[in-house]
Amino acid sequence: MFPASFEYVAARSVKEAIELLTQHGEEAKLLAGGHSLIPAMKLRLVSPRTLIDLGRIPGLSGVRMDGKSLVIGALTVHTDVASSDLVRRDFSGLAEAASVIGDLQVRNRGTIGGSVAHADPAADLPVILTALDASFILQSASANRSVGAQDFFLDYYTTALAPNEVLTEIRLPLPTGAAATAYAKLPHPASGYVVVSAGVLIEFNSAGGCASARVAIGGLGNRPTRALASEAALRGQPLTASVIAAAAAKAAEGTDPDGDIYASAEYKRHVATVYTRKAIEVAVGARHQA
Amino acid sequence: MTAEAQYAPVPISLTVNGARREAVVEPRTLLIYFLRENLGLTGAHVGCDTSQCGACTILLNGRAVKSCTLFAVQANDAKITTVEGLARDGTMHPVQEGFREKHGLQCGYCTPGMVMTAVYLLETNPDPTEDEIKHALEGNICRCTGYINIVESIKWAADKTRQDKGGKHVSR
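Order-wise, the sequence lines are chains A and B. Counting in this note's numbering, the first sequence runs from 7 upward without gaps. Counting in this note's numbering, the second sequence runs from 1376 upward without gaps.
By construction, these hints were calculated from the structure, which means they are not laboratory data. Check the hints yourself; a few may be wrong.
No more than 30 Å apart at the CA atoms, straight line, and that leaves these computed lysine-lysine pairs for DSSO-like [claimed, not checked]: (1) B:LYS1509 to B:LYS1540; (2) B:LYS1509 to B:LYS1454; (3) A:LYS21 to A:LYS74; (4) B:LYS1454 to A:LYS48; (5) B:LYS1454 to B:LYS1535; (6) B:LYS1509 to B:LYS1530; (7) A:LYS21 to B:LYS1454; (8) B:LYS1540 to B:LYS1530; (9) A:LYS74 to A:LYS284; (10) B:LYS1454 to A:LYS35; (11) B:LYS1530 to B:LYS1477; (12) A:LYS284 to B:LYS1509; (13) B:LYS1477 to B:LYS1535; (14) B:LYS1509 to A:LYS48; (15) B:LYS1540 to B:LYS1454.
Computed from a prediction, not measured in an experiment: that's the story for all the values here.
I would like the entire structure built from these sequences, with the hints used as guidance.
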């Protein structure tokens, strides 16, 4: 399978990438790891006239601390997110999500920024990043802006990225007190994509109960959904098995997923409650180990 | 049907199995086709051509990747190892030996990709558990379903590598 012919430009800086984007407009596409874009180009679902390769720009990959945030460069590959000591220490749920994407070879090449910008509703990272209240740094010629995950993912494969912007960083606010994160996924048995998944962030109070929680679910709609009813049912409560079960049972409230040949809508809604419970249990277990 | 526009070929320079190679490629040339057709390295195979089967796996700067899902231009300046580059002075790599010793292949089509993934696995994790081997092979499909012997081959190679390095031989 061969993509349609295109012009290739290796950008040397983010500034140059933005200039090229501005110059070529909608006929250009940014290339990061290419593990969503190249398959789509081979199927000719997209045929950009110009491909702007971000892969040679120095400084766009890696994980670092910046004050009260963990910062992940947009070109960081999944393998490096999953194995980063900083990610594993503070956001083990993100490390888990990055380690179950695709397969080993895909994780060696696919990038966190590419996955976020592609916004596949069956992808792993948008779900956990929504739970972790991530912000995305979008750079244009005139300004940098920061958009929270909640406002970034708009629809199937649709984000708040403007045509002349480049996603450069993913920023995760460090929890102020004791906290734990987790990600639990039911993968499609053939493709490995998400059927349903749940990402959670639990902040603990001094009694070891739940001070606050964020729960995001994948697979129930056109973008990650927040399980607000589950969050409310956890907030301020002791994390007993019955509290967790009751909160998880509300995970699909307010959702109206489409069924497909593999999973009916009813099944997806049910499985969302199961995987939410699993994710909460993992987070609570991590707290007890710490 | 209108003819597609043609865009300027791009010069690339890369190291393949230790040798410097220079070429001028059309941007849409996938790395697997560059290796097979321009360089004549037909060890890596085109299986599914959709980044699922892993028959095209090579090492790019030391990491196992699927060469059907990269453009050759992306490999400019990179170091590539294909299955042809594993043997040293006529001596097979322990993973290759393992596949022979444990009969880790039937038709052989998936083998170069399996071998390259296994080489990468053992470089990053010299003593993998059976589960870790299976997890690492998720992106390599064997249509003969010969997975049990493939896993055995990789275990054999891990043991052999440790033994060669003077470590205690662990029999499994």
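Hints versus structure:
1. B:LYS1509 to B:LYS1540: 24 Å, holds
2. B:LYS1509 to B:LYS1454: Roughly 27 Å separates the two Cα atoms, so the pair holds.
3. A:LYS21 to A:LYS74: 27 Å, holds
4. B:LYS1454 to A:LYS48: 25 Å, holds
5. B:LYS1454 to B:LYS1535: Given pair B:LYS1454, B:LYS1535 holds - Cα atoms ~26 Å apart, limit 30 Å.
6. B:LYS1509 to B:LYS1530: 11 Å, holds
7. A:LYS21 to B:LYS1454: Answer holds: A:LYS21 to B:LYS1454 is near 28 Å, not above 30 Å.
8. B:LYS1540 to B:LYS1530: 16 Å, holds
9. A:LYS74 to A:LYS284: 28 Å, holds
10. B:LYS1454 to A:LYS35: 26 Å, holds
11. B:LYS1530 to B:LYS1477: At roughly 10 Å apart (the allowed maximum being 30 Å), B:LYS1477 and B:LYS1530 satisfy the hint.
12. A:LYS284 to B:LYS1509: Holds, because 24 Å separates the two Cα atoms, which is no more than 30 Å.
13. B:LYS1477 to B:LYS1535: Judged against 30 Å, a Cα distance of about 13 Å means the pair holds.
14. B:LYS1509 to A:LYS48: Between B:LYS1509 and A:LYS48 the Cα gap is close to 29 Å, so the pair holds against 30 Å.
15. B:LYS1540 to B:LYS1454: 25 Å, holds
When the structure is compared with the earlier hints, no violation turns up for any of them.
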